[in-house]
Amino acid sequence: MERRFWMTGLAAAALLAATLPLRAQPVAADAFVKQVSADVIDAVKLDKAIQAGDVGRIRALVDAKVMPHVNFQRMTASSVGPQWRSATPDQQKRMLAEFQTLMVNTYAGALTQVKDQTVAVKPLRAAPDQTELVVRTEVRGKGDPIQLDYRLEKAGDGWKIYDVNVGGFWLVDAYKGQFSKDLSNGGLDALITRLADKNKSLAAAKN
Amino acid sequence: MHPLRRLLPAACLALAATAAAAQPASEAGKTAAGDPWERYNRHAFVFNELVDAVAIKPAAQFYQTVVPSPVRKGVGNVFGNIGDAWTTFNLFLQAKPAAGLNMGMRTAVNTVLGVGGLFDVAEEAGLERFTSEDLGQTLGFWGIPSGPYLVLPLLGPSTLRDTSARLLEVNDSPIVRVWQEPRDHNPAALLQLLTIRAGLLNAGRVFDEIALDKYVLLRDAYLSRRRSLIYDGEPPDGDAPDQAPYKKLLPAW
Numbered sequence: 001m002e003r004r005f006w007m008t009g010l011a012a013a014a015l016l017a018a019t020l021p022l023r024a025q026p027v028a029a030d031a032f033v034k035q036v037s038a039d040v041i042d043a044v045k046l047d048k049a050i051q052a053g054d055v056g057r058i059r060a061l062v063d064a065k066v067m068p069h070v071n072f073q074r075m076t077a078s079s080v081g082p083q084w085r086s087a088t089p090d091q092q093k094r095m096l097a098e099f100q101t102l103m104v105n106t107y108a109g110a111l112t113q114v115k116d117q118t119v120a121v122k123p124l125r126a127a128p129d130q131t132e133l134v135v136r137t138e139v140r141g142k143g144d145p146i147q148l149d150y151r152l153e154k155a156g157d158g159w160k161i162y163d164v165n166v167g168g169f170w171l172v173d174a175y176k177g178q179f180s181k182d183l184s185n186g187g188l189d190a191l192i193t194r195l196a197d198k199n200k201s202l203a204a205a206k207n
Numbered sequence: 001m002h003p004l005r006r007l008l009p010a011a012c013l014a015l016a017a018t019a020a021a022a023q024p025a026s027e028a029g030k031t032a033a034g035d036p037w038e039r040y041n042r043h044a045f046v047f048n049e050l051v052d053a054v055a056i057k058p059a060a061q062f063y064q065t066v067v068p069s070p071v072r073k074g075v076g077n078v079f080g081n082i083g084d085a086w087t088t089f090n091l092f093l094q095a096k097p098a099a100g101l102n103m104g105m106r107t108a109v110n111t112v113l114g115v116g117g118l119f120d121v122a123e124e125a126g127l128e129r130f131t132s133e134d135l136g137q138t139l140g141f142w143g144i145p146s147g148p149y150l151v152l153p154l155l156g157p158s159t160l161r162d163t164s165a166r167l168l169e170v171n172d173s174p175i176v177r178v179w180q181e182p183r184d185h186n187p188a189a190l191l192q193l194l195t196i197r198a199g200l201l202n203a204g205r206v207f208d209e210i211a212l213d214k215y216v217l218l219r220d221a222y223l224s225r226r227r228s229l230i231y232d233g234e235p236p237d238g239d240a241p242d243q244a245p246y247k248k249l250l251p252a253w
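Going line by line, the protein sequences match chains Y and R. Per our numbering, residue 1 is the first one in the first sequence, and the count goes up by one each step. Per our numbering, residue 1 is the first one in the second sequence, and the count goes up by one each step.
Same shape as in the complex, but just chain Y (with noise of 0.2 Å):
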């Protein structure tokens, strides 16, 4: 009778473990970031290749752990600013396209630096309702700390990244000062073929 008591708690709790990971909890912002950049740097130290600079396998990390869980259409938006709305279904595919590649390649360049960093996600300070906010962290290894900051939105039960702060420079900023030149002097079209240019360029570079 006792025994029969425990069996049926035990199978309750198994039953009840089981459907735990089925209600997710949403997961914290802070807790977030930390995943992904540890899952870079890791995925980063054991790959020679990427160390090396190989194009190709950073692309392939970089699609797989990074990409999905960035917005990077509100990026590309903001990026380029009120044309961006004017702007017709395949300028904006083509333009997120180009934008894409050229942020690879930074974001390739970036990855071919880390050798023994660790990322502190620094105490967040943000409401437990906050649907957009900022989590800082900073990037240590050799030489001084890298200030290194995200803007998140948030994303169903997660979260995805909109900006990012590098040594108190925003991207979204800085690309905005990059295409504002081309933007008003030739529209959306003019920027597109820039950076097309610039990624043929890069390519070639590389080859």
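Bear in mind the hints are in silico, worked out from the structure with no lab data behind them. Among the clues, some could well be false.
Result set (EDC-like, lysine to aspartate or glutamate): computed pairs, CA atoms no more than 20 Å apart in a straight line [stated by the list, open to error]:
(1) R:LYS73 / Y:ASP182
(2) Y:LYS65 / Y:ASP157
(3) Y:LYS122 / R:GLU209
(4) Y:LYS122 / R:GLU234
(5) Y:LYS181 / Y:GLU98
(6) Y:LYS176 / R:GLU38
(7) Y:LYS115 / R:GLU123
(8) Y:LYS142 / Y:ASP63
(9) Y:LYS176 / R:GLU209
(10) R:LYS214 / Y:ASP116
(11) R:LYS247 / R:ASP232
(12) Y:LYS181 / R:GLU209
(13) Y:LYS198 / R:ASP208
(14) Y:LYS176 / R:ASP35
(15) Y:LYS115 / Y:ASP42
(16) Y:LYS176 / R:ASP237
(17) R:LYS214 / Y:ASP197
(18) Y:LYS115 / R:ASP35
(19) Y:LYS142 / R:ASP213
(20) Y:LYS198 / Y:ASP182
(21) Y:LYS200 / R:ASP232
(22) R:LYS57 / R:ASP232
(23) Y:LYS181 / R:GLU123
(24) Y:LYS176 / R:ASP208
(25) Y:LYS142 / R:GLU209
(26) Y:LYS176 / Y:ASP157
(27) Y:LYS198 / R:ASP35
(28) Y:LYS122 / R:ASP237
(29) Y:LYS176 / R:ASP213
(30) Y:LYS198 / R:ASP213
(31) R:LYS73 / Y:ASP197
(32) Y:LYS200 / R:ASP208
Which bits of chain Y does chain R cover? Going by a derived footprint, with three or more residues having C-beta under 8 Å, they are [unchecked claim]:
(33) 135–144
(34) 173–186
(35) 192–202
Computed from a predicted model, the values in this text were never measured in an experiment. Ideal Cβ positions, reconstructed from N, Cα and C, are used throughout, including at glycine.
Chain Y is already provided as a structure; the job is to place chain R on it using the hints.
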């Protein structure tokens, strides 16, 4: 008397001009407004790029190839330690005594136990370099606006405020204090330049790769970084009117 002491009045004048030209829009983020001297600046930028390509970068690469890594590290540590002393002084000027004491301790430990800063023993003891402060940041902390962006020949990106601060620093910079004779501190400054440039070799490559307009990228990066440093990494968000960082120290009433 140091010949550069003659520049002091000029520096004060420039400072006054900075204060007079005070317009919050000239801070980073709202970029084009902060660059009324773009025409001149672009010339200086092209000149600097040229000097870097033919002299400074090759010299830094040579330095990196020829001098073994532990020696370069030691040299970097010595300059880092001198910088820490300067940071300490500036932290006190910014009324941040706790941070100042911390950096002062770090400098003392490295100077004494680390043989004049050659070894960064403080870091291993948990006294890390958590910030780097200069006079330009101190002026910014007390609410002096950056003024227009200014590219200095050979020295690179700056602003009117940071240039003024630099001129004030010339006489009393830590390098001049440590190596008092010009024949000593000029080579020291050159070695420091090589150390810094060698450290930037890889970053420079990334920078070149992503830039559509390198002048603008460098300008925006410099202005954003300086602004971020002045606010200790947490500048107020774009739209809010800038409030001088020192006001955080005041009690709210």
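Now for the hints, and whether the structure bears them out:
Restraint check for LYS73 (chain R) and ASP182 (chain Y): not satisfied, since their Cα atoms lie roughly 43 Å apart, outside the 20 Å limit. Annotation: proposed proximity of LYS65 (chain Y) to ASP157 (chain Y) holds, straight-line Cα distance about 18 Å (limit 20 Å). Distance hint between LYS122 (chain Y) and GLU209 (chain R) is unfulfilled; the C-alpha atoms sit about 30 Å from each other, more than 20 Å. The suggested pairing of LYS122 (chain Y) with GLU234 (chain R) holds, with an alpha-carbon distance near 13 Å, which does not exceed 20 Å.
Of the pairs offered as hints, the one joining LYS181 (chain Y) and GLU98 (chain Y) holds, with about 17 Å between alpha carbons and a cut-off of 20 Å not exceeded. For the given pair, LYS176 (chain Y) sits about 18 Å from GLU38 (chain R) by alpha-carbon distance, which is consistent with the 20 Å threshold. For the hint pairing LYS115 (chain Y) with GLU123 (chain R), the CA-to-CA distance comes to about 19 Å; that is within 20 Å, so the pair holds. Distance check on the hinted pair: LYS142 (chain Y) and ASP63 (chain Y) sit about 28 Å apart at the alpha-carbon level, beyond 20 Å; violated.
Between the alpha carbons of LYS176 (chain Y) and GLU209 (chain R) the distance comes to roughly 17 Å, so the proposed pair stays at or under 20 Å and holds. The straight-line distance between the Cα atoms of LYS214 (chain R) and ASP116 (chain Y) is roughly 29 Å, outside the 20 Å bound, and the hint therefore fails. Restraint check for LYS247 (chain R) and ASP232 (chain R): the C-alpha separation of about 13 Å stays at or below 20 Å, so the hint holds. Pair hint LYS181 (chain Y) plus GLU209 (chain R) holds up; C-alpha atoms about 18 Å apart against a cutoff of 20 Å.
Straight-line distance between C-alpha atoms of LYS198 (chain Y) and ASP208 (chain R) comes to about 11 Å, which keeps the hinted pair within the 20 Å bound. Distance check on the hinted pair: LYS176 (chain Y) and ASP35 (chain R) sit about 16 Å apart at the alpha-carbon level, within 20 Å; holds. Taken as a hint, the LYS115 (chain Y) and ASP42 (chain Y) pair is honoured in the structure, with Cα atoms around 10 Å apart against an allowance of 20 Å. At roughly 16 Å between alpha-carbon atoms, LYS176 (chain Y) and ASP237 (chain R) fall within 20 Å of each other, so this suggested pair holds.
Taken as a hint, the LYS214 (chain R) and ASP197 (chain Y) pair is honoured in the structure, with Cα atoms around 16 Å apart against an allowance of 20 Å. Pair hint LYS115 (chain Y) plus ASP35 (chain R) does not hold up; C-alpha atoms about 37 Å apart against a cutoff of 20 Å. Between LYS142 (chain Y) and ASP213 (chain R) the alpha-carbon distance is near 30 Å, which puts this suggested pair outside the 20 Å criterion. Between LYS198 (chain Y) and ASP182 (chain Y), the direct Cα distance comes to roughly 13 Å. Compliance with the 20 Å bound is thereby established for this hinted pair.
Our distance criterion of 20 Å between C-alpha atoms is broken by LYS200 (chain Y) and ASP232 (chain R), whose separation comes to about 39 Å. As the CA atoms of LYS57 (chain R) and ASP232 (chain R) are separated by approximately 30 Å, the hinted pair breaks the 20 Å bound. In summary, the hint linking LYS181 (chain Y) to GLU123 (chain R) is not supported, as the alpha carbons are separated by about 45 Å, beyond the 20 Å threshold. Between the alpha carbons of LYS176 (chain Y) and ASP208 (chain R) the distance comes to roughly 17 Å, so the proposed pair stays at or under 20 Å and holds.
Taking the CA atoms of LYS142 (chain Y) and GLU209 (chain R), the gap is near 24 Å; set against the 20 Å cutoff, the hint is violated. Distance hint between LYS176 (chain Y) and ASP157 (chain Y) is unfulfilled; the C-alpha atoms sit about 30 Å from each other, more than 20 Å. Between LYS198 (chain Y) and ASP35 (chain R) the CA atoms are separated by roughly 26 Å; this puts the pair beyond 20 Å, and the hint is violated. Pair hint LYS122 (chain Y) plus ASP237 (chain R) holds up; C-alpha atoms about 19 Å apart against a cutoff of 20 Å.
Between LYS176 (chain Y) and ASP213 (chain R) the alpha-carbon distance is near 11 Å, which keeps this suggested pair within the 20 Å criterion. Note on LYS198 (chain Y) and ASP213 (chain R): the hinted pairing holds, with a Cα-Cα distance of about 11 Å set against a maximum of 20 Å. Proposed proximity of LYS73 (chain R) and ASP197 (chain Y) is contradicted: the alpha carbons are some 39 Å apart, above 20 Å. Proximity of LYS200 (chain Y) to ASP208 (chain R) is assessed by CA-CA distance (about 14 Å); at most 20 Å being required, the pair is judged to hold.
Coverage of the region 135–144 of chain Y by chain R holds. Counting CB-CB distances below 8 Å, 3 residues qualify, and the rule asks for three or more. Here the region 173–186 of chain Y counts 8 residues with a CB under 8 Å from a CB of chain R, which clears the bar of 3, and the coverage holds. Three residues within the 8 Å Cβ limit are the bar, and the region 192–202 of chain Y against chain R gives 4, so the coverage statement holds.
Hint check: violations occur at hints 1, 3, 8, 10, 18, 19, 21, 22, 23, 25, 26, 27, 31; the rest are consistent with the structure.
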